[in-house]
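Just so you know, the protein sequences line up as chains A and B, in that order. Numbering-wise (UniProt numbering), the first sequence opens with residue 1 and increments by one. Numbering-wise (UniProt numbering), the second sequence opens with residue 1 and increments by one.
A few of these clues could be false.
A pair holds if it fits inside one copy or across any two, identical chains being indistinguishable in the list.
[Stated by the list, open to error] With a straight-line Cα cutoff of 25 Å, these simulated DSS-like cross-link-like pairs (lysine-lysine) come out:
# : residue 1 : residue 2
1 : Lys115    : Lys357
2 : Lys219    : Lys294
3 : Lys112    : Lys219
4 : Lys112    : Lys313
5 : Lys51     : Lys328
It should be emphasised that the hints constitute simulated quantities derived from the structure, not laboratory data.
Number of protein chains: 2
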Amino acid sequence: MEDVLKEKKVMHNFNAGPSVLPRSVFEQASKAVLNYNNTGLSILELGHRTKEFQAIMDEARSLVKELMNLDADHEVLFLHGGASTQFMQVPMNLLNENETAAYADTGVWSSKALKEAKLYGNVKVVCSSKEANYNFIPKDFTVPGDSKYFHITTNNTIYGTQWQSIPKVDVPLVADMCSDIFSRQRDFNSFALIFAGAQKNMGPAGVNLVVVDKNILGKVDRALPTIMDYRNHIKEGSMLNTPPVFAVYVSLLTLQWLKQQGGIDAIEKINNQKAEMLYSAIDNSTLFQTTAVKEDRSKMNVCFVMKDPSLEKQFLDVAEQHGIYGIKGHRSVGGFRASLYNALPLSSVNYLIEVMKEFEKNY
Amino acid sequence: MEDVLKEKKVMHNFNAGPSVLPRSVFEQASKAVLNYNNTGLSILELGHRTKEFQAIMDEARSLVKELMNLDADHEVLFLHGGASTQFMQVPMNLLNENETAAYADTGVWSSKALKEAKLYGNVKVVCSSKEANYNFIPKDFTVPGDSKYFHITTNNTIYGTQWQSIPKVDVPLVADMCSDIFSRQRDFNSFALIFAGAQKNMGPAGVNLVVVDKNILGKVDRALPTIMDYRNHIKEGSMLNTPPVFAVYVSLLTLQWLKQQGGIDAIEKINNQKAEMLYSAIDNSTLFQTTAVKEDRSKMNVCFVMKDPSLEKQFLDVAEQHGIYGIKGHRSVGGFRASLYNALPLSSVNYLIEVMKEFEKNY
């Protein structure tokens, strides 16, 4: 333990969200708050109808298309709000009152999503892992062919589970990708709609990414509020109203960083490595154990507890003393949660493992 | 002109929104993006459930209460989105399908607001200045006593008009204060609901301030989406979901600055002075003239044109060469618009007047 304790205190941010972003992004963003691109103006006082901001918005949208390899039918929007807004906006735009949407219930966020959908139509929960405190991803289920769409949460932050493969279904697929977007390859064009609050892998809190196949829109009977109709945002190039300028800008910086790393393919390799290292350390430990079923383990959020729960407070204190930030588990699972988002360096994972090993040696 | 031209180029930001904020706010925000309050973490990676962010949210809400002198019935919320979201959220929360809301139509933003209200109930437009391209604030009108609420836009950014006094009505008053909140005293407790996108006088784009008398809530029959129900946000202390952390933080810094200036009373005096100076210069000019009716002139957005419209392009070029930023008028009014928000220094107004005078001398 002594060697580890002697190290210079650096923060290792394992928080589940808002989360670590690349250091270079913080540096660029900090500069832009004082003087954006030598305009003499702060990015915070820049009009959104200026050519400067138009360029930011255009590049951000086009980088998303490029990084996700989206086809021409898929539109990219940066909208106000977070996933909680999308829980309402998705059924409002896609589901008629007499129609049914299918939902997979894999945790708190899925439950919240399907609760909102019930305000707009019928909801069929086609599978659930609730009885097991959501520690696995359901495998055996059928999505009725007349479902208007099928909604999944690709990664379940609280429980540390993740859909390793996307189920093949015959209906439009809607995904809440808040906590694993841009972290691994998926066939993004196979989704009718993807949404993600920025604050894990993409940027700061305060902006939502929405990727939508425009062909699924305009098919509901209800009159939509202007600001809730995806078609209006598409028509206005994601500038229907004043966008969250700074959050879009920091998202752009993060997407640029991702591209520099080699895009999703490259970051996925590192993410796999980080996850394997930490799960392996836990599996080989006498003190720690994971909570999720092995095959469904999340590569973004590693949830683990101590075999002797009375030691947890002590380990948390030691971790905090070492600048390991944000690893307290969600109250519904307890223990610890180490979030390994794109911008978390491999060295931070190594460091956490070292601290765990040292702790184990001493007990 | 020569003297003015020789001056060192400094930016004078007259943009209508997003707009100038205090320099000290940019400096603090820039620092926090690198290292918030010596936590070793960027404000952008700080968890919203931490004691650090809780303190930011608590102080921001309590400063709004203090600066606006709000009573215990008025709750303060920082929500995602901008006014366009409130256009929908207000009637959704306050208006039943068979009930009627009264609206004053004083410009594009009022029109947009009342259009959304029609989705939720009946709308009675009790007055309008549309026929005069919204260049005045209507005085003679009656708000039916059975109106569920009466909605006004206190300041009309595009047309440069402003309600100088708030009409006395017997029904709950709802105000869109986007562009004059915190710029002048009002009896804020006389409003049932006030909303304002932050990006004029309060902070950066990406957060909405909502002040609501809690007694008017919970009276509609419809089931409300969780994220749209103000009561949920009140219950959760404006932390129902991940808030736009950075936008709330910068709003707090701006509110702290306002308090240091002496609060609304003090800033109102300076705002009055700035507006009087500029209107007086325009009134005394042979080239320029204002577009709004004198008694309804906005103290926030001074809209003016040139008597000879063919000179407008030339003046705009000269202004831009002098670092006068964002004074192009909205396309529906043309000419120029100088926005004099709280953080715009008196010296910038002086400078604009100098440039106008010099231009006039030369023609």
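These are the hints, each one checked on the structure:
1. Lys115 x Lys357: So Lys115 and Lys357 fail the 25 Å test inside a copy (43 Å) and across (62 Å) alike.
2. Lys219 x Lys294: neither (41 Å within a copy, 49 Å between copies)
3. Lys112 x Lys219: both (24 Å within a copy, 24 Å between copies)
4. Lys112 x Lys313: For Lys112 and Lys313, neither the intra-copy (30 Å) nor the inter-copy (54 Å) Cα distance is at most 25 Å.
5. Lys51 x Lys328: between (44 Å within a copy, 14 Å between copies)
Violation of the numbered hints given earlier is confined to hints 1, 2, 4; the remaining hints are satisfied by the structure.
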